[in-house]
Amino acid sequence: MSQSILASFLFLAVAASAHAATARLDIYPNDVQLRTNFARQRMVVVATRPDGVTEDVTAKAKISLADGRIARIENSTVYPTADGQTKLQAQYDGQTAMTNMDVQNFAAARPIGFRTDVMPVFMRAGCNTGACHGSARGKDGFRLSLFGFDPEGDHFRLTRELGYRRINLAQPEESLLVQKSIGAVPHTGGKRFDATSEYAKTLLDWLQAGAPNDASNVPTVESVDIFPRELLLEGAGVKQQMIARAHYSDGSQRDVTNLAVFYSNNDNSAAVSPDGVVTAANRGEAFILARFNTKTVGSQALVLPAGLNYAPPTVPPANYIDELVNAKLQKLRILPSDICSDSVFLRRATIDITGVLPSDEEYRGFLDDKAADKRAKLVDRLLSQKAFAEIWAMKWAELLKVKSNLQASYKSIYLYANWLTEQIANNVPLNQIVRQLLASRGGTFSTPPTNFYQVENDTLKTSENVAQVFMGVRVQCAQCHNHPFDRWTMDDYYSFAAFFSQIGRKEGEDYRETIVFNSGGGEVNHPIGGRAMPPKFLGGAMADCNGKDRRQVLADWLTAPDNPFFAPSVANRVWAHFFGVGIVEPVDDIRVSNPASNPELLQRLGRKLVEYNYDFKRLVRDICLSQTYQRVTQTTASNEADQRNFAHGRVRRIQAEMLRDCVSEVTETKDKFRGLPLGARAVQIADGSTSDYFLETFGRSPRETVCACDVRSEPTLSQALHLLNGDTVQAKIRDGHLVPRLLAEKKSPEEIVKILYVRTLSRDPDAAELAALKKMLEGQPKPVEALEDIFWGLLNSREFCFNH
Amino acid sequence: MERCVCHGNPLSKPSRREFLTVGAAGAMGFVLGDLLRLESLQAATNPAGPAPKAKSLLHIYLPGGMAHQESFDPKPYAPLEYRGSFGTVKTKLPGEVFCEVWHETAAIADKLCIVRSMSHGEAAHERGTHNMFTGYRPSPALQFPSLGSIVSHELGSRADLPAYVCVPNMPNPYAGTGYLSSSYGPFSLGSDPANGGFKVRDLALPGGVDANRFTRRRTALDAVNSHFESIEKADSIAAMDTFYQQAYSLISSQKAREAFNLNAEPAAIRDEYGRNEAGSRLLMARRLVAAGVRVVSVTYGGWDFHKQIVQETKKTVPSLDKAFSALIRDLDRTGLLDSTIVMLSSEFGRTPKINADAGRDHWPRVFSIALAGGGIARGKIVGSSNATAAEPDSEELGPADLFATLYSQMGIDYTKRLMSPGNRPIDIVREGKVRPILLG
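Protein sequences appear in the order of chains A and B.
First residue of the first sequence: 1, per this note's numbering; consecutive thereafter.
First residue of the second sequence: 1001, per this note's numbering; consecutive thereafter.
It should be emphasised that the hints constitute simulated quantities derived from the structure, not laboratory data.
Only a predicted model underlies this, so the values are computations on that prediction, with no experimental measurement involved.
All C-beta atoms, glycine included, are put in the ideal place defined by N, C-alpha and C.
Label-pair distances were calculated between CB atoms; the ranges are:
| no. | chain 1 | residue 1 | chain 2 | residue 2 | range |
| --- | --- | --- | --- | --- | --- |
| 1 | B | Thr1215 | A | Thr447 | 55 to 61 Å |
| 2 | A | Lys670 | B | Ala1124 | 44 to 50 Å |
| 3 | A | Gly84 | B | Ala1124 | 48 to 54 Å |
| 4 | A | Glu222 | B | Ala1124 | 27 to 33 Å |
| 5 | A | Pro599 | B | Asp1210 | 55 to 61 Å |
Make the full structure from the sequences, and use the hints.
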């Protein structure tokens, strides 16, 4: 009996493994180091199938040590038992994974530390969050610094406030600190952990040791790892244990799986338990984050339903962009949409690159062209036009808040905008432009880039803006506390702001001009303790600013080829212009907890930009010639839910300025904007304070903040009313006299309809449309009015307003 | 597809389109009947609850964070550095006082429900604003819709008017549609009713275009659109369609357009409200509510008084005090107060202690809001803060409970789940419940 059960069990096991053969086996973490008797390390073993699906096989795998004397293994955790080195090995399904293990001073006792051991308990148990004791005024009379930004203050409040109640060194277990957290006495926050838990033990050990503060040289956390880095889970309910490991400044490492705070940015696809167990749910993507100390790290988790039928597409990629996009789509088992037709491509690329519509001749010429590389030729021709530079000058002007106001005179803003347009038109590499802006000195008239320091003269704001515009990073949170969802600490924030603490400003000879200079003095002080912060690169090293202009030092660092922020963040902005959504979205909020949908793609575009010597025009060329850009907007069954992986084209409302220019172009009318000649285009408007009703209604950036979100594109009722009844469409059709002119040229009404279609929609009318419109024209004594109404209909159509 | 298009609103637009293309008196009768029938169906959206008390909501939003100490929750017995230098004024409610600058409102306090125990945990403007416009804490994964957009989605529009209007403009991104389709977004007046010659643009057909010509234009437009819409599906296109339908309704209804005509108000009423920003905006809002707009969101002033709170308060409050009390009296007089909830709120309150710049900083732990009408309790103070106005002392009220109560009064089932992108169902209000103490 029992034999037959065993036999059938074996059979099932074989069948299961045959069904899902293992292509690769990994054991995490790699290179385990154990020091002192505190040390231990939890291990996970992950099997990867040939199709990329991962499975947590820790419980099923055989984990062993080459030298069993060095450590013992209990519940997939290794504990040191002797000094020495050995190999840790996992075997499963015929595959083997191995990693090194090194044990030293296994018997030595490590003293308990406040920062190393006690503070992490507060974080893990949620004591120092904003809703609890981390609130600025504390909670119920007890305050901890928010997410532990002030350990010194936390130690003080614990040990020096409230006499013997909060902590009681004579009877440590009677301390409120312990009693409240284990729920032994009433606690608004409830029971945080068991009396028998490791967390309670840590608090007690610390109290028994006399609640010591740390010596000044206590090791700090340098980085945190999360394992596995990538998950591809198949089927709802599948689980994966995560592991977090910290690296300290003294070179030691530590298993912090039980101390890190785990969370998921999308519980709907993959939720994670406090202990780090990920559970797959609905199809989709999630990012699993682990926060320990001030560091947050994340792993990408993709979730697929079980039993999916999928055959990867066989079309070869056009370039590196397609390779990386397709690789991600393959992981998600999503098929991309088809490549768009010539007329769709012509309209899409012309609007995106030059902000106007193709003319009748361009349309006919492109459609008749039989050359295989005609799309590439078109992109090259469009890129060489001045309009391309003007769009990007406008986009940068939005981010740099180029707008006159009480501080910044119209004249200096005008000069600033012209300078910017000139740089981009002359193909000056982007890193040079940014270097000129950041290190600028002189008058706002004579040296226009100095306006960068005139439109914003607050030190902290300036530094926040630089991080957001040129690095795509928002550090604002860290002004008051360590960033809760990213790596930035208050120290980072204030030492980065120190680069902008020595900017001198004075009035020029003309009172409207400001002279910006290096004052050589002035510091930024940390609000806690008041120490002056030395300039330190964000996420980088201390800066040597001795005898130098701090801004110059920063500019050199930021625009150096190896800077990890600048090129990828600029590439992301360029990408977002062509796809309506960034690889990181919002484009100026790159952070650990808001990861790129395709990190490899983002990095590659960044590297390409550096390789192209920051000539983003070449990047645009790569983008426009990729299949990814040329996909139709119609979705397929597998990609209709995709929003972030570029499996299909995206319908986008044309941006206010360009829409305005398109209307003027097709009606052959001229606009007059302040400071520009008659017939200038709306994208050329230099000063953000110059606007009109059309531009504002359609969401022109007010240029009041550096946020990319200031440009709005969602439809509103006001837009519909303005196109229907407003003075733009109606007046422009009348003033342009296009229909009367075409009639005078003896064109038939039907020919005119076709011309209007090509002008506005870059296509010919189909049979049904032609039939419906012809009926309107029949028996009209005055075809002008009927034709102008058709023109009006075209300009009011969804197809005209949207790039698709 | 940018966002999911949720057709939660049974007043679906195609019937309107058909109505307009037919465009004759006979059809009008049919459609109106249809609308009424749908509206009565709509009343049943909250089957468990009673018939909705409120048909509309007039939200007065004070951006920047209005100090509760310098408005509805003064602490005259607290030390000077807490209570500030204003005195108090007796209200119509026995034993209750307001800050002295709100004396006109104090005189109508018997019509209000003042909540002194509003509380949430977000001390940054944008995060606090998010809480007080959506009822949710900000999430990195999802954008939540505003109250106005939820109401628009759930109840649809009335009387050919947009369901949700912002006066004068959309005050912040959280007043938008979040994960819902942009079709449920607000209509912004686009100019300030306080300006001389104020007029909402583009409501009427341009000169030279009569109804016949407009019909021809629409025939042409429909021909072009039908081609595009047969091949493209996107939320933004659908939203634009919806707005075109709304625009047709407005254009064809003189009565609806008249709602935007502030000049139709008698001079005495204009004077009662005050001919200034606060007065004109609140009067405009009252006209819209009376005409059938579901949610009007009025923005007034900048209340971020980190410095010189006394001077700033004296500059900002009096015209609002006058306009707000006039609004409540006016609504009460005309009987509209029974079916209209008025809410005066801010993203948070301000710190208990006066700071070194004679101002107060951000304080979300406890602050005050004023409610009135639509079945909300009349002449009541709900909740209290402690002696220094630093913590809620009783009846702590979070945004979720507040929103649950508001939705429920409007006949919306706040436990319903709406679909967000990725087919993820989201509660209209998460973990909130109706607070009977707020109701009359």
